[in-house]
Amino acid sequence: MAGLSLKSVKKRFGNVEVVTGVDLTVENGEFLVFVGPSGCGKSTLLRMIAGLETVSEGRIEIGDKDVTHVDPAKRGIAMVFQTYALYPHMTVATNIGFPLEMAGLPQDEIDRKVAEAAKVLHLEPYLQRKPRELSGGQRQRVAIGRAIVRQPEVFLFDEPLSNLDAELRIQMRLEIARLHQELKSTMVYVTHDQVEAMTLATRIVVLRAGRIEQVGSPLDLYENPDNTFVAGFIGSPRMNFVKVRVVRVAEGFAFVSAEALGLSEIPVRLRGVEPESPPGDVTLGIRPEHFRDGGDGALSGIVSVVERLGGTSYVHAALNDGSQITVESRDPREHQVGRAHTFAFDPDSALLFGGDGKRL
Amino acid sequence: MTNPRLAFLFVTPALLFLAAVLGWPLLEAVVLSFQNVGVIGTTGSWVGFDNYAKVIGSAGFWNSFGRSALWVVANAVVQTFMALGVALLLNQKFPGVRIARTWIILTWIVPTVVVVIIWRWLLSTSGGMINPLLIQLGLIERPVGFFATRESAMATLVMINSWRWFPFTALMMLAGLTRIPGDLYEAARIDGASAMKRFTRITWPLLQPTLLVLGIVGTLLSFNVFDVIWLLTAGGPSQATQTLPVLIYETAFKGYKLSEAATISVLTSILLMAFALLATRAMTASEEAR
Amino acid sequence: MKRTLPQSVALYSGLLLVFLIIGMPFWWVVSGSVKLPREIIARVPTMFPQSFTTQHFEKLFQSTDFPAYLVNSIGVALFSTIVTVALALPAAYAFFRMRFPGRNALYRLILLAYAFPTIVVLIPIYGLFAKVGLIDTRTSLVIVNIAFALPFSIWMMRSFLSTVPKEIEEAAIIDGAPARVILLRIMAPLIAPGIASVAIFTFIASWTEYLFASVLIVSDARRTVPVGFAGIIGQYQIDWGLLLAGATAATIPVVILFAFVGRWFVSGLTEGAVK
Numbered sequence: 001m002a003g004l005s006l007k008s009v010k011k012r013f014g015n016v017e018v019v020t021g022v023d024l025t026v027e028n029g030e031f032l033v034f035v036g037p038s039g040c041g042k043s044t045l046l047r048m049i050a051g052l053e054t055v056s057e058g059r060i061e062i063g064d065k066d067v068t069h070v071d072p073a074k075r076g077i078a079m080v081f082q083t084y085a086l087y088p089h090m091t092v093a094t095n096i097g098f099p100l101e102m103a104g105l106p107q108d109e110i111d112r113k114v115a116e117a118a119k120v121l122h123l124e125p126y127l128q129r130k131p132r133e134l135s136g137g138q139r140q141r142v143a144i145g146r147a148i149v150r151q152p153e154v155f156l157f158d159e160p161l162s163n164l165d166a167e168l169r170i171q172m173r174l175e176i177a178r179l180h181q182e183l184k185s186t187m188v189y190v191t192h193d194q195v196e197a198m199t200l201a202t203r204i205v206v207l208r209a210g211r212i213e214q215v216g217s218p219l220d221l222y223e224n225p226d227n228t229f230v231a232g233f234i235g236s237p238r239m240n241f242v243k244v245r246v247v248r249v250a251e252g253f254a255f256v257s258a259e260a261l262g263l264s265e266i267p268v269r270l271r272g273v274e275p276e277s278p279p280g281d282v283t284l285g286i287r288p289e290h291f292r293d294g295g296d297g298a299l300s301g302i303v304s305v306v307e308r309l310g311g312t313s314y315v316h317a318a319l320n321d322g323s324q325i326t327v328e329s330r331d332p333r334e335h336q337v338g339r340a341h342t343f344a345f346d347p348d349s350a351l352l353f354g355g356d357g358k359r360l
Numbered sequence: 361m362t363n364p365r366l367a368f369l370f371v372t373p374a375l376l377f378l379a380a381v382l383g384w385p386l387l388e389a390v391v392l393s394f395q396n397v398g399v400i401g402t403t404g405s406w407v408g409f410d411n412y413a414k415v416i417g418s419a420g421f422w423n424s425f426g427r428s429a430l431w432v433v434a435n436a437v438v439q440t441f442m443a444l445g446v447a448l449l450l451n452q453k454f455p456g457v458r459i460a461r462t463w464i465i466l467t468w469i470v471p472t473v474v475v476v477i478i479w480r481w482l483l484s485t486s487g488g489m490i491n492p493l494l495i496q497l498g499l500i501e502r503p504v505g506f507f508a509t510r511e512s513a514m515a516t517l518v519m520i521n522s523w524r525w526f527p528f529t530a531l532m533m534l535a536g537l538t539r540i541p542g543d544l545y546e547a548a549r550i551d552g553a554s555a556m557k558r559f560t561r562i563t564w565p566l567l568q569p570t571l572l573v574l575g576i577v578g579t580l581l582s583f584n585v586f587d588v589i590w591l592l593t594a595g596g597p598s599q600a601t602q603t604l605p606v607l608i609y610e611t612a613f614k615g616y617k618l619s620e621a622a623t624i625s626v627l628t629s630i631l632l633m634a635f636a637l638l639a640t641r642a643m644t645a646s647e648e649a650r
Numbered sequence: 651m652k653r654t655l656p657q658s659v660a661l662y663s664g665l666l667l668v669f670l671i672i673g674m675p676f677w678w679v680v681s682g683s684v685k686l687p688r689e690i691i692a693r694v695p696t697m698f699p700q701s702f703t704t705q706h707f708e709k710l711f712q713s714t715d716f717p718a719y720l721v722n723s724i725g726v727a728l729f730s731t732i733v734t735v736a737l738a739l740p741a742a743y744a745f746f747r748m749r750f751p752g753r754n755a756l757y758r759l760i761l762l763a764y765a766f767p768t769i770v771v772l773i774p775i776y777g778l779f780a781k782v783g784l785i786d787t788r789t790s791l792v793i794v795n796i797a798f799a800l801p802f803s804i805w806m807m808r809s810f811l812s813t814v815p816k817e818i819e820e821a822a823i824i825d826g827a828p829a830r831v832i833l834l835r836i837m838a839p840l841i842a843p844g845i846a847s848v849a850i851f852t853f854i855a856s857w858t859e860y861l862f863a864s865v866l867i868v869s870d871a872r873r874t875v876p877v878g879f880a881g882i883i884g885q886y887q888i889d890w891g892l893l894l895a896g897a898t899a900a901t902i903p904v905v906i907l908f909a910f911v912g913r914w915f916v917s918g919l920t921e922g923a924v925k
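Protein chains in written order, with the numbering used here: chain L, 1 to 360; chain P, 361 to 650; chain G, 651 to 925.
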């Protein structure tokens, strides 16, 4: 087992730079998740770690070994693909044993290791079947089996759950988490689904346009996003952003107002260094779950849609300045579409972002 | 990801083979066309463009060229017509459709010689089936010699060659047809389009790319047809069916004018390549326009 | 979708017409091959044989070289097929997946082979083979057949290879499989229909090849069916019974082959060719 480090890694396709300089160190045993919208370069980054894409610039190290130009098979990695990439003409047992066969292991040892992996993954009854005779979840487990028999130093997962239906996805998510706890190996996982990222990761890397926006533990990213992009990407439904003005700054608080919305001089805690003069127009970020009755802040708007989920509901409302907000509510009955309503929130949990999107 | 050395290891055997058996002889043909070699195996001297001047100035070459053009166009028309009909039939669902799709190609998998025997026999005036059949249908009054007159010889050859090739063309068209998604037809039915409209507004336009490719490939294939013509008419009667391949063969192996045959070959190749290039360019242009 | 009655009538009468156009000529030939000579040239042809004789087949196999032609043809076609597949598969894979300088130019050059009339190379090939002593050998036919089948085979296999998801190859690379193993253990089984199509195509093309076989082979004993049979046509006073028997005998091997693998070939043509 080993850690992994990327040093100013870049990737260019022709003139297009899809990964623009990534520096990252992954500790041994960590579960790292790359998350970001499509086209952010997360898959390319993973494929560079795997050795399936060449690195245009920079270095990749696994353990303490420079593997930038090493053959994929010799990097000590294993990869699980979104489409499973099982060999359709081979049985489950041959599929799982294939990397061992390629490594030149004797057949009895291959059989033993395949049996072991099959036991861990509950695949024992299916060893003689072909992939097409298996369900999606079983195929996924075969793909994982093929990865674990190699005892790699680093596991790579490329959106492994995207092809599964919602229920199976949750089940497999749990299984991957269990696997990580059992094997304690380093895992790097790519997904566009922030829920997967939050539930699986020890650390999340948020990527946008080939650059790292922020790295941190799931809760850290949730509570302390560095900018509006991370704040908007992590958390579901996404954070509400409201245009406000800073009236004055004092004792680590910014007092914000927005006359059109009925906000006046609400104190919001500042994170960084207190600016010398009020920064003027800023963005106030409030998560849907941070609205609560009796909060010091209040936004009034007209309810447009109420989504009932059972335990909670999401109320969508239009504010006076035309922007939309989403509010989590325990009791949907108090909201009626078309009616005006005042939504109270807790200023302590609200965040403030500057004109450039950076957290204040 | 892969090293070029390995790739070369993979392609070199095939490339060497093609270079030796097709590439080098092609160059050799060009060389030959600038010499005056007569009988195969003898040597000649350089004569510059003499052969080209002679061939281009001869009526025989242009007559054969005209016959080849007629041959290609006539085959294209007949085969497209027959093949499209068959492809539409085979694109339906009916019991035994798989067997029909497989065995339709029977005429294409038997040796040309067999095709030749079949049709010589069927068209013969003694014991052949076609003459009595046509008489019974009232189309003719007495047995006809199908290869006897210039026009009927060419027409008969086109029909026989088309009989051999239309199933192959039909399967290629079927490939194009099966590529058209079925829900398009269902949507069109819901929109109230008649069978005729569905053909003219969906099938025909979506089949265009396939037909274009087939047009190019088919032209090259039928241009090269030699054995059917040679074995049935040997270019006759009085050169009525002497297409360019037949002319080349005769010039080289009957007239013992090897260099002249090579010259005709080179000119023919230039014509065919020009056609292939222009046609593929036109095709890619129309694809980009879409 | 339900068909209306007129549509069904149109469909089945169309199918019947096609069946007759293709089937009748073969039926007349096959049935004619067992008729007595006087029935064969009867003024009013018979649909079903009124007489039965095996005399034409006996003559074909006993007093002509037809059996030798058959053996030659099968041998030439088999060797041509095996070598073509062996050469085309790695080449197609390299053109499809591997990067090397000049790849696209070479690929286009290969396909250009069909823009030349085959007869163009006949004369120089004769000279070339004469120099290396290949004239009048069956090897010369194998070589020519391979050369003419290769471009199509490479093209066909390449289009089949492109139907295999890239991830499967990537998984094999990560699993440590070298290119040779990926080609033989992963790709080849996955494009088996494509390989079958190419093999059948080559076999049939070799089986029916006439032009080169007529020029490159001199001695009667080494002729293939098309040329040898064409010789029989000229050799005798037109003996229809013998010719019909020969046509039947030349058809049977490919029909047997096709009965086993024809489905692969047709699905290869219709599914592989369009990609």
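Please note that the accuracy of each hint is not assured.
Said to hold, decoys possible - Listed below are the simulated DSSO-like cross-link pairs for lysine-lysine, each with C-alpha atoms no more than 27 angstroms apart in a straight line: (1) P:Lys614 / G:Lys816; (2) L:Lys119 / L:Lys184; (3) L:Lys74 / L:Lys113; (4) G:Lys816 / L:Lys74; (5) L:Lys7 / L:Lys65; (6) G:Lys781 / L:Lys130; (7) L:Lys65 / L:Lys130; (8) L:Lys10 / L:Lys113; (9) P:Lys617 / G:Lys816; (10) L:Lys10 / G:Lys781; (11) L:Lys74 / L:Lys243; (12) L:Lys358 / L:Lys7; (13) L:Lys10 / L:Lys358; (14) L:Lys7 / L:Lys113; (15) L:Lys65 / L:Lys184.
Hint data in this document are derived by calculation from the structure and do not stem from the laboratory.
These are the hints, each one checked on the structure:
With a C-alpha separation of about 55 angstroms, the suggested pairing of P:Lys614 with G:Lys816 is violated against the 27 angstroms cut-off. Of the supplied pair hints, the one linking L:Lys119 and L:Lys184 holds, its CA atoms being roughly 18 angstroms apart against a limit of 27 angstroms. A distance of roughly 20 angstroms separates the Cα atoms of L:Lys74 and L:Lys113; the hinted pair therefore holds under the 27 angstroms criterion. Between G:Lys816 and L:Lys74, the direct Cα distance comes to roughly 20 angstroms. Compliance with the 27 angstroms bound is thereby established for this hinted pair.
A distance of roughly 13 angstroms separates the Cα atoms of L:Lys7 and L:Lys65; the hinted pair therefore holds under the 27 angstroms criterion. Taking the CA atoms of G:Lys781 and L:Lys130, the gap is near 55 angstroms; set against the 27 angstroms cutoff, the hint is violated. Between L:Lys65 and L:Lys130, the direct Cα distance comes to roughly 37 angstroms. Violation of the 27 angstroms bound is thereby established for this hinted pair. Under the criterion of a C-alpha separation no larger than 27 angstroms, the hint pairing L:Lys10 with L:Lys113 is inconsistent with the structure, at around 38 angstroms.
Simply put, P:Lys617 and G:Lys816 have alpha-carbon atoms about 54 angstroms apart, too far for the 27 angstroms limit, and the pair is violated. The straight-line distance between the Cα atoms of L:Lys10 and G:Lys781 is roughly 58 angstroms, outside the 27 angstroms bound, and the hint therefore fails. Of the supplied pair hints, the one linking L:Lys74 and L:Lys243 is violated, its CA atoms being roughly 53 angstroms apart against a limit of 27 angstroms. A distance of roughly 25 angstroms separates the Cα atoms of L:Lys358 and L:Lys7; the hinted pair therefore holds under the 27 angstroms criterion.
Proximity of L:Lys10 to L:Lys358 is assessed by CA-CA distance (about 24 angstroms); at most 27 angstroms being required, the pair is judged to hold. For a cut-off of 27 angstroms, the pair hint linking L:Lys7 to L:Lys113 is broken: about 35 angstroms separates their Cα positions. Taken as a hint, the L:Lys65 and L:Lys184 pair is honoured in the structure, with Cα atoms around 20 angstroms apart against an allowance of 27 angstroms.
The earlier numbered hints that this structure contradicts are 1, 6, 7, 8, 9, 10, 11 and 14.
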